[in-house]
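Q: Protein chains in written order, with the numbering used here: chain G, 58 to 545; chain C, 7 to 357.
Because the hints were derived from the structure by calculation, they are not lab data.
Just so it is clear, CB atoms sit at the ideal spot from N, CA and C, and this is done for glycine as well.
Fair warning: there could be bad hints in the mix.
Every beta carbon over 12 Å from chain G, so not counted as near; a handful from chain C, in silico [as the list claims (entries may be wrong)]:
| id | residue |
| --- | --- |
| 1 | 9 |
| 2 | 69 |
| 3 | 101 |
| 4 | 103 |
| 5 | 111 |
| 6 | 121 |
| 7 | 225 |
| 8 | 233 |
| 9 | 244 |
| 10 | 259 |
| 11 | 306 |
25 Å max Cα-Cα, derived DMTMM-like pairs, lysine to aspartate or glutamate [to be verified]:
| id | chain 1 | residue 1 | chain 2 | residue 2 |
| --- | --- | --- | --- | --- |
| 12 | C | 294 | G | 235 |
| 13 | G | 464 | G | 229 |
| 14 | G | 464 | C | 154 |
| 15 | G | 240 | C | 8 |
| 16 | C | 294 | G | 232 |
| 17 | G | 464 | G | 113 |
| 18 | C | 294 | G | 221 |
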Amino acid sequence: MSALSFSGGGILAVDPVPWARGQMAFTLACHIILVPLGVSWAFMTLVANWRAIKRDDRDALLLAQRWSKYMAVTFAVGAVTGTVLTFEFGLLWPRFMGTWGAAFGIPFAVEGLFFFIEAIFIALYIFGWKRLRPWPHFWTGVPIVVAGIGGTLSVVAANAWMNEPAGFTLNEAGEVVDVDPLKVFFNDAWPYEASHMLVAAYLVGGFTIASVYAVGMLKGRRDRYHRLGFLIPFTVAAIATPVQMAVGDTLARWVYENEPTKFAAIELVPETDSDVPETLLGRLDAEGRVSGGIRIPGLASWLSDPSTGTGTVVQGIDAFPADERPTTREVNTVHLAWDVMVGLGTLLFLLSAWYGLTWIFRRDMPQSRLFLRAASVAGVAGVLAMEAGWTVTEVGRQPWIVRGHMKVEDAATTNEGVWITFVAVVVIYLALAVTVVLVLRSMSRRFRSEHGDLVDSDVPYGPREPRPATAHEAEQAEQTEQTEPAGG
Amino acid sequence: MDDAVAVVLFTAVTAYAVAGGADFGAGFWDLVAGGAARGERPRALVDHAIGPVWEANHVWLIFALVILWTAFPEAFASITLTVFVPLTLVALGIVLRGASFAFRKSLFATSQRRVFGAVFASSSVLVPYGMGAIAGAIASGRVPAGGEAGDPWTSWVNPTSIVGGVLAVTVGAYLAAVYLIGDARRLADGAMVDYFRRRATASAVVAGGVAFVGIFVLHADSSYVFDGLASRALPLVVLSALCGIGSLTLLLRPPSRGARLLAIGAVASVIWAWGVAQWPYILPTGLKVSAAAAPQATLATVLVVFGVAAVVIVPSLALLYALDQRSLLPGEGADPGPVGSVVLDEQTEIA
Numbered sequence: 058m059s060a061l062s063f064s065g066g067g068i069l070a071v072d073p074v075p076w077a078r079g080q081m082a083f084t085l086a087c088h089i090i091l092v093p094l095g096v097s098w099a100f101m102t103l104v105a106n107w108r109a110i111k112r113d114d115r116d117a118l119l120l121a122q123r124w125s126k127y128m129a130v131t132f133a134v135g136a137v138t139g140t141v142l143t144f145e146f147g148l149l150w151p152r153f154m155g156t157w158g159a160a161f162g163i164p165f166a167v168e169g170l171f172f173f174i175e176a177i178f179i180a181l182y183i184f185g186w187k188r189l190r191p192w193p194h195f196w197t198g199v200p201i202v203v204a205g206i207g208g209t210l211s212v213v214a215a216n217a218w219m220n221e222p223a224g225f226t227l228n229e230a231g232e233v234v235d236v237d238p239l240k241v242f243f244n245d246a247w248p249y250e251a252s253h254m255l256v257a258a259y260l261v262g263g264f265t266i267a268s269v270y271a272v273g274m275l276k277g278r279r280d281r282y283h284r285l286g287f288l289i290p291f292t293v294a295a296i297a298t299p300v301q302m303a304v305g306d307t308l309a310r311w312v313y314e315n316e317p318t319k320f321a322a323i324e325l326v327p328e329t330d331s332d333v334p335e336t337l338l339g340r341l342d343a344e345g346r347v348s349g350g351i352r353i354p355g356l357a358s359w360l361s362d363p364s365t366g367t368g369t370v371v372q373g374i375d376a377f378p379a380d381e382r383p384t385t386r387e388v389n390t391v392h393l394a395w396d397v398m399v400g401l402g403t404l405l406f407l408l409s410a411w412y413g414l415t416w417i418f419r420r421d422m423p424q425s426r427l428f429l430r431a432a433s434v435a436g437v438a439g440v441l442a443m444e445a446g447w448t449v450t451e452v453g454r455q456p457w458i459v460r461g462h463m464k465v466e467d468a469a470t471t472n473e474g475v476w477i478t479f480v481a482v483v484v485i486y487l488a489l490a491v492t493v494v495l496v497l498r499s500m501s502r503r504f505r506s507e508h509g510d511l512v513d514s515d516v517p518y519g520p521r522e523p524r525p526a527t528a529h530e531a532e533q534a535e536q537t538e539q540t541e542p543a544g545g
Numbered sequence: 007m008d009d010a011v012a013v014v015l016f017t018a019v020t021a022y023a024v025a026g027g028a029d030f031g032a033g034f035w036d037l038v039a040g041g042a043a044r045g046e047r048p049r050a051l052v053d054h055a056i057g058p059v060w061e062a063n064h065v066w067l068i069f070a071l072v073i074l075w076t077a078f079p080e081a082f083a084s085i086t087l088t089v090f091v092p093l094t095l096v097a098l099g100i101v102l103r104g105a106s107f108a109f110r111k112s113l114f115a116t117s118q119r120r121v122f123g124a125v126f127a128s129s130s131v132l133v134p135y136g137m138g139a140i141a142g143a144i145a146s147g148r149v150p151a152g153g154e155a156g157d158p159w160t161s162w163v164n165p166t167s168i169v170g171g172v173l174a175v176t177v178g179a180y181l182a183a184v185y186l187i188g189d190a191r192r193l194a195d196g197a198m199v200d201y202f203r204r205r206a207t208a209s210a211v212v213a214g215g216v217a218f219v220g221i222f223v224l225h226a227d228s229s230y231v232f233d234g235l236a237s238r239a240l241p242l243v244v245l246s247a248l249c250g251i252g253s254l255t256l257l258l259r260p261p262s263r264g265a266r267l268l269a270i271g272a273v274a275s276v277i278w279a280w281g282v283a284q285w286p287y288i289l290p291t292g293l294k295v296s297a298a299a300a301p302q303a304t305l306a307t308v309l310v311v312f313g314v315a316a317v318v319i320v321p322s323l324a325l326l327y328a329l330d331q332r333s334l335l336p337g338e339g340a341d342p343g344p345v346g347s348v349v350l351d352e353q354t355e356i357a
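Okay, chain G solo, but in the shape it has when bound (with noise of 0.2 Å):
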């Protein structure tokens, strides 16, 4: 994100880094919003299909072929939009690719087996609705679910290597003469990094789909489809809230002990010392001192290390040389994404609270209004708070690529024309953003106005004869009624 705040030069400044940085956080950005949606869709679709089959229930099932229907359009988006990052990290960062390939490759050369599994068995899920037989076919969405996971934990694995780096020898000259293929994949920070992005991509994927169902209730579709809708991703998303806390403070305890530069701009300490104020907003002005800000006396100390307490030590920024650690700016950006993702995690949590509370004692998910609003904003929320995690770990980390061995200066390309490749990847993914989104509504749209039916009737197969209701869905129309006073 910061690289898209580089100071002077103008807009045509041929400095090819701020470009590379900016290109590869832009793409990262858009990439990552989808990578839930790839990873946790699927389970929460084979949640759905599963109780179709078990209990013969209809709304589950048609909920699960729409959503793997809308997941034909958000994989494929995904899929095209990582290759794009395949071809960036030579595009923009041929030294850092030459130099370290040998052993940065080896987490994907792992996942590029899980996106081969995770491609072959989605399409045999989404297309085999027809033809395969109910458990057969549901058995070929399993796949999907463990690829999503091991996937994940492979690129992350990749990043991790890069806060972390391990598993391999230099030679004088500083080129990779040595690799131990182990060291490099289950470094030291991947443990952390990966159970906290797979937990994520269950939170975010379940907040965001919810929230679409959330968005439909409020309009005052409340039959029984759209509460499934509703409430088998929102289960998930519950669930992984809390356990996300637990994750990511181990996580932030791991920083304070191995990233201490990192560290100290997550919580925005200039100089070492202990009973260190946990600074909530705020951030250094150009002399290097905090201003703004609410400050938690000695929170900061006391969350880094309980057993000490708030005599804890936290490092400050100044313990480190000006050129190995994050610039002001840097640091401010760390720091308030930091605030976001905390914030907008917690407000989560409390939701998350609310519903299984109210599921608790109530035996059903809150009715009011007033939940399901939030409900409607949780699936932004959530897709903030991942774009704001990965902002502080990615600028948290500079100025450094590979810490402590390549700065992302000396990584990137030469080539200067990379400002014109930048320009053009944002105007094409802008119309593409907007095209999903557009596409995914006008699926909506044709799915409601064919009173659920999915076949598609203007391709020239398997078209197909008007139906009568049967006895259950007359009976199940009734119960709308019921529940549902009025539309919109």
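Given the coordinates of chain G, assemble chain C onto it according to the supplied hints.
A: Just chain C, lined up with the frame of chain G:
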């Protein structure tokens, strides 16, 4: 061990060419299928044929790139620095192709489908051209060693790159037409069988012609690879020609069964001929495979991953193709009554 990894890399490239290449070729036929009315049936067949498989086929590209940067990082750095322009075009073309294909399938108004169809089809030509041009840049020795940048323009705007680009487009179109004959036959669509048989025959002739002209271009422009093709890779060149002629013969004589395998053979042997011809260089004639190779443990990891892929991915792909070929993956979503006795609910959305 670096030899083995180079073989793995070329296997991935070959798989991408014969699977993903045909998906681009299908886009080519989509592009030249004519207006909305005239092109409706071939476009519907293209949609139907590549819908379930193109993403899985596309992964071979990711796989090849990952192997390249992991096992031969120096070569990857040189390539990305030199052919920055076509690589960028290819990446953006891939985005536009994949996304617009998915959008077109999900939209139903003809005007919308036409826009995304046009983007899908034109990027389906741009991408293979760019890839062929990049292959030409490498083969003609225009990508320097040492993670250095070669000329940003002449590296891929040159005789060998033009031949490579045109060859990639025509070969993809040829493969696609041959595959689409089979898909049309599966759907018992006789008109489309003839439609694509004519196109397969024509594109076989064109691809063969381009390859033939390419030999003279290589002679003038890429002497190292030409010498390789004329000596150690000659058997593969001959094999490719025989497969090509064989598939053409079968195409001319209905029902043309077996043309598909021979077409794959023709394309695969061309790619291997290229690989053998530029051996032992990964970037002729500056960087040898052995010099570019990553440390042994990394190469071993790549081989292990490929072994796992052979055990896990190949059967999965076989399952996908087998179900697809048996028409068990007819389309997204479902007809009524797909889950045993369960039928679709028709009024849940009435609010």
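Q: Looking at the structure, which of the earlier hints fail to hold?
A: 2, 3, 4, 5, 6, 11, 17 and 18
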